[in-house]
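A.B. asks: Sequence:
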Amino acid sequence: MLTSPKIIGIPFQRFTIYYIGPIYPPSNGNSYILVGTCATTKYAIAKSYKNADARSTVAYLIDIILQFGAIGEIHSDRGLHFANKLVKDLLKALNINNTYSIAYRPQSQGQTEKFNGTLIDMISHIVQEQPKKWSLYLKYVLFAYNTAINNTTKNTPFYLSHGYNPKSIFDHNFISTETSPEILLELEKLKNIRDELPTLLADRYLKNKKHYDSNKVQVKFKLNEKVLIKDENRK
Numbered sequence: 001m002l003t004s005p006k007i008i009g010i011p012f013q014r015f016t017i018y019y020i021g022p023i024y025p026p027s028n029g030n031s032y033i034l035v036g037t038c039a040t041t042k043y044a045i046a047k048s049y050k051n052a053d054a055r056s057t058v059a060y061l062i063d064i065i066l067q068f069g070a071i072g073e074i075h076s077d078r079g080l081h082f083a084n085k086l087v088k089d090l091l092k093a094l095n096i097n098n099t100y101s102i103a104y105r106p107q108s109q110g111q112t113e114k115f116n117g118t119l120i121d122m123i124s125h126i127v128q129e130q131p132k133k134w135s136l137y138l139k140y141v142l143f144a145y146n147t148a149i150n151n152t153t154k155n156t157p158f159y160l161s162h163g164y165n166p167k168s169i170f171d172h173n174f175i176s177t178e179t180s181p182e183i184l185l186e187l188e189k190l191k192n193i194r195d196e197l198p199t200l201l202a203d204r205y206l207k208n209k210k211h212y213d214s215n216k217v218q219v220k221f222k223l224n225e226k227v228l229i230k231d232e233n234r235k
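Residue numbering for the sequence shown follows full-length UniProt numbering, beginning at 1 and increasing consecutively.
Just so you know, these hints were derived from the structure itself, not from any lab.
Here are the computed lysine-lysine pairs in the DSS-like style, where the Cα-Cα straight-line distance is at most 27 Å:
{"#": "1", "residue 1": "167", "residue 2": "47"}
{"#": "2", "residue 1": "88", "residue 2": "47"}
{"#": "3", "residue 1": "139", "residue 2": "47"}
{"#": "4", "residue 1": "50", "residue 2": "85"}
{"#": "5", "residue 1": "92", "residue 2": "47"}
{"#": "6", "residue 1": "47", "residue 2": "85"}
{"#": "7", "residue 1": "154", "residue 2": "167"}
{"#": "8", "residue 1": "50", "residue 2": "139"}
{"#": "9", "residue 1": "50", "residue 2": "132"}
{"#": "10", "residue 1": "50", "residue 2": "92"}
{"#": "11", "residue 1": "167", "residue 2": "139"}
{"#": "12", "residue 1": "50", "residue 2": "133"}
{"#": "13", "residue 1": "47", "residue 2": "132"}
{"#": "14", "residue 1": "154", "residue 2": "47"}
{"#": "15", "residue 1": "139", "residue 2": "154"}
{"#": "16", "residue 1": "50", "residue 2": "88"}
{"#": "17", "residue 1": "133", "residue 2": "47"}
Computed spacing ranges between beta-carbons, pair by pair:
{"#": "18", "residue 1": "85", "residue 2": "185", "range": "42 to 50 Å"}
{"#": "19", "residue 1": "78", "residue 2": "28", "range": "27 to 35 Å"}
{"#": "20", "residue 1": "84", "residue 2": "180", "range": "39 to 47 Å"}
{"#": "21", "residue 1": "69", "residue 2": "143", "range": "17 to 25 Å"}
Note that the structure is a prediction, hence the values are computed from the model and not measured. Just so it is clear, CB atoms sit at the ideal spot from N, CA and C, and this is done for glycine as well.
Start from the sequences, fold in the hints, and give me the full structure.
C.D. replies: What follows is the structure in structure tokens.
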């Protein structure tokens, strides 16, 4: 039976992490992406690594902690890249609680897995002709995602995490006429990702809905049929 999600009102008090990979072909020697999402703000952080192991996980967590401060709770699956002494020692030293998803219940990480699908869709769409450069596009994808309106919160993850929305870098008044062609090319890449994001998010929503509907079990009851009622107060 599905349980109610834990509601956390403070940014980065509950952070869910998940590995994607191995991804082929590798990019800059990296074959994995470690993704994390904040339960409250939906803010996403992703970094690419050569291996999905304890050292990569620790490096990722330290980067986040140095940027946002100590997190209240880290939630993950039970893979050895998360459930190991090195990671546990780090979290214990910083007084960070760690929880794990229920075995054989990947839906308990639904929020991050939905983002993973969106992330893969976005990267795949952008680097179709240059698949070996996917790691170089992570920062573009993340910025576009974090500065787009989230359907659940009705705000951008960036705003909910930082308290303001970043100034648009696509404003022609913001870009100098003396900007080098190389910089303009980088800005154009980001603009293209931002423009394509609504369509990619809509496509991912339809895919998730189709998957959910195909696995949904319709329960029908007959008149006067006896049923069991769960009492949340009963122990």
